[in-house]
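If you read the protein sequences in the order shown, they are chains A and B. Residues in the first sequence are numbered consecutively from 1, following our numbering. Residues in the second sequence are numbered consecutively from 1001, following our numbering.
Quick caveat, the hints were computed from the structure, so don't treat them as lab data. Watch out, some of these pointers could steer you wrong.
Derived pair list, reagent style DMTMM-like, types lysine to aspartate or glutamate, alpha-carbon separation capped at 25 Å [stated by the list, open to error]:
no. : chain 1 : residue 1 : chain 2 : residue 2
1   : A       : Lys43     : A       : Asp146
2   : A       : Lys148    : A       : Glu173
3   : A       : Lys148    : A       : Glu126
4   : A       : Lys43     : B       : Glu1176
5   : A       : Lys43     : A       : Asp28
6   : A       : Lys148    : B       : Glu1176
7   : A       : Lys43     : B       : Asp1069
8   : A       : Lys43     : B       : Asp1186
9   : A       : Lys43     : A       : Glu72
10  : A       : Lys43     : B       : Asp1171
11  : A       : Lys148    : B       : Asp1186
Residues from chain A that keep clear of chain B, each with C-beta distances beyond 10 Å, as calculated [to be verified]:
no. : residue
12  : Glu51
13  : Ala52
14  : Ala63
15  : Gly70
16  : Leu74
17  : Gln76
18  : Ala77
19  : Glu113
20  : Glu124
21  : Gln127
22  : Leu130
23  : Asp146
24  : Arg152
25  : Arg154
26  : Ala205
What follows is a set of in silico ranges between Cβ atoms, one per label pair, in the way DEER data are often shown [said to hold, decoys possible]:
no. : chain 1 : residue 1 : chain 2 : residue 2 : range
27  : A       : Ala100    : B       : Gln1180   : 43 to 51 Å
28  : A       : Glu173    : B       : Thr1077   : 20 to 28 Å
29  : A       : Arg50     : B       : Ser1187   : 26 to 34 Å
30  : B       : Thr1077   : A       : Arg202    : 39 to 47 Å
Since we're looking at a predicted model, the values are computed, not measured. Where a beta carbon is used, it is the ideal one built from N, C-alpha and C, also for glycine.
Listed below are the residues making up each chain.
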Amino acid sequence: MKASFDDYQRSTPRVSSVADQSLAERQDPQIARAVEEYRALLKGGSMPDREAFLARYPAIATALAECLDGLEFLHQAGGQLNQPVLEHPARAAAASGQIAPDSLLGDYRIVREIGRGGMGVVYEAEQPSLGRRVALKVLPVEAARDAKLLARFRRESQAAAQLHHSNIVPVFEVGQQAEVVFYAMQYIQGQSLDAVVQDLQRLRAVSGSPAGKPAAPAPSAVARSLLTGVFEPVRSGESTAGAEAQAGEPPPRGMPRLARNSSQSRDLLIAWPLVLTANGWPALFFRRARLRFGMPRRARNSSLSTRALLPIGWLSAQTASVWPLRMTKR
Amino acid sequence: MPMSNRLRSDTEQLLQQAQAGDAPALGQLLENYRHYLALLARLQIGRWLQSKVDAADLVQETFLEAHRDFPQFQGATEAEWVHWLRQLLARNLADLVRCYRGSQRRDVRLERQLAAELDQSSRVLDGALVAKQSSPSQQAARHEQAVLLAEMLGRLPEAYREVLILHQLQDLSFPEVARQMGRSVDSVKNLWLRALARLGRLLGDVG
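Go ahead and model the full structure; you've got the sequences and the hints to work with.
The following block contains the structure:
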């Protein structure tokens, strides 16, 4: 361990310094190009076929192989130091979006997959150190490699973490393990929105009136609250869920200021907590409304009322056929 | 015996001796991780400060504290030992960054951020996405790769080490590396190849 470089040089076979020498003298741009190409492959996250690669350069294979030894080791170990690199199976698992139950991700143990969407997969997980259930949203690996997407993901999760409101799912932690980026939020037991919609449809079919007489099976709490125009939180044990401010509790005022520079200053984040589902819808949707139009001064002074600007989008598309939501009423 | 295994058993044996009051054992224990901590410190410093602060000073400071606070260390494994050292390093790093930024007051956010960054590398070191079947020794082997790398880099001639750290670990472009090292781009590329080849041979020797 303590051998100095000089000792090392003395003890190294002559061949090594010849190889050094020959590389230095030839200044072979072909080797440089080949090594750079290999490095690009490694950085791209693939595990290149080393033998096939070397076979393409028979003339410089020996010198190249040595460089690749160094490169691979540096990439592997250095990646651990600096830019995390996942080992193969785990990366493959994350890339395919399937993390096996019982795997550990940061402080969390995966229990099962809850749902998946365009921006990742949501798992039910357990945090043994605090003995609690969480919902873990895992960003797809491709997205995690994209610096812009990653920055956006972090900004949004930070924003959500700054919101404290009983109707907004709290974010516990944003974490990264190797190339897998995730955030943990409160696990909410409840009913899926499509089940609620089905309930409502059934109800309307029976009675034609939104306040339907219970000839049909009793609608769920969420369905009832939709019918009465107030989207109430579902409470199950200590869990909460909900989408819009219920009567009596005003929505959080003043969206957090995330933008660090003025060009982003109009990027607002609107967190959309939805009811966590048993059969496939993600627990939480983030929508960032890029408000390209000028906003009133009050809004710019970050006293923006979320109620006035909450984009109903997906939620209302799902439910519009059933009942016009009155969630945006002032 | 592979070097990484030797390192681990060495460390755990040394830990026992040091905890029994053997001062030279503690010295050796710290010395074995000098390169690793220096590399970690250097990479972190590079992220936070433009100026070139000597990572060795930071490591020295960390060693002093490790000496002083060693009785408080309760762990027995190499992983615990490295984690402890890293925590000390994070604290010193936060002090340093604060000092360079000229603010006297404690910046809790900064400390937290630094700790998180060091912690992130620690998590990765301690096993990326540890699958159920991965054994503790496999995890340890991964972990030690970084220690081994630091050790290897420490054995390379300075110019070789510089080019690998700047170009590969800090991911700077060749022109930027050339500027920092005061060399031409061609010579830096050439140096890079030779450094990689030398590292590859060193690895072959260690097996």
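### Task
Evaluate the condition: distance from the CB of A/Arg152 to the nearest CB of chain B exceeds 10 Å.
holds (19 Å)
### Query
Taking C-beta pairs only, is A/Ala77 more than 10 Å away from all of chain B?
A/Ala77 is in fact no farther than 10 Å from some Cβ atom of chain B, at 4 Å.
### Query
Is A/Lys43 within 25 Å of B/Asp1186, Cα to Cα?
holds (22 Å)
### Query
Taking the minimum C-beta separation from A/Glu113 to chain B, is that value above 10 Å?
holds (16 Å)
### Task
With a cut-off of 25 Å on the C-alpha distance, tell me whether A/Lys148 and A/Glu173 pass.
holds (20 Å)
### Task
For A/Glu173 and B/Thr1077, compare the CB-CB distance with the range 20 to 28 Å and indicate the outcome.
holds (26 Å)
### Message
Does A/Ala205 clear chain B by more than 10 Å, comparing its Cβ with all Cβ atoms of that chain?
### Response
Since the minimum Cβ distance to chain B is about 48 Å, A/Ala205 lies beyond 10 Å and the statement holds.
### Query
How does the Cβ-Cβ distance of A/Arg50 and B/Ser1187 compare with 26 to 34 Å: does it lie in that range?
Roughly 28 Å apart at Cβ, these two residues keep to the hinted range, so it holds.
### Task
Confirm or reject the claim that A/Ala100 and B/Gln1180 have a C-beta distance inside 43 to 51 Å.
holds (44 Å)
### Query
Honestly, do B/Thr1077 and A/Arg202 meet the 39 to 47 Å range at C-beta?
Between B/Thr1077 and A/Arg202, where Cβ atoms are some 59 Å apart, the hint is violated.
### Message
According to the definition I'm using, a residue is off the interface if its beta carbon is farther than 10 Å from all beta carbons of the partner; does A/Leu130 meet that for chain B?
### Response
With a cut-off of 10 Å, A/Leu130 remains clear of chain B, as the shortest Cβ separation is near 17 Å.
### Given as non-interface: A/Glu51, which should sit over 10 Å from chain B by C-beta
The claim holds: A/Glu51 sits with its nearest Cβ about 16 Å from chain B, beyond 10 Å.
Hint violations for this structure: numbers 3, 7, 11, 14, 15, 16, 17, 18, 30, all remaining hints satisfied.
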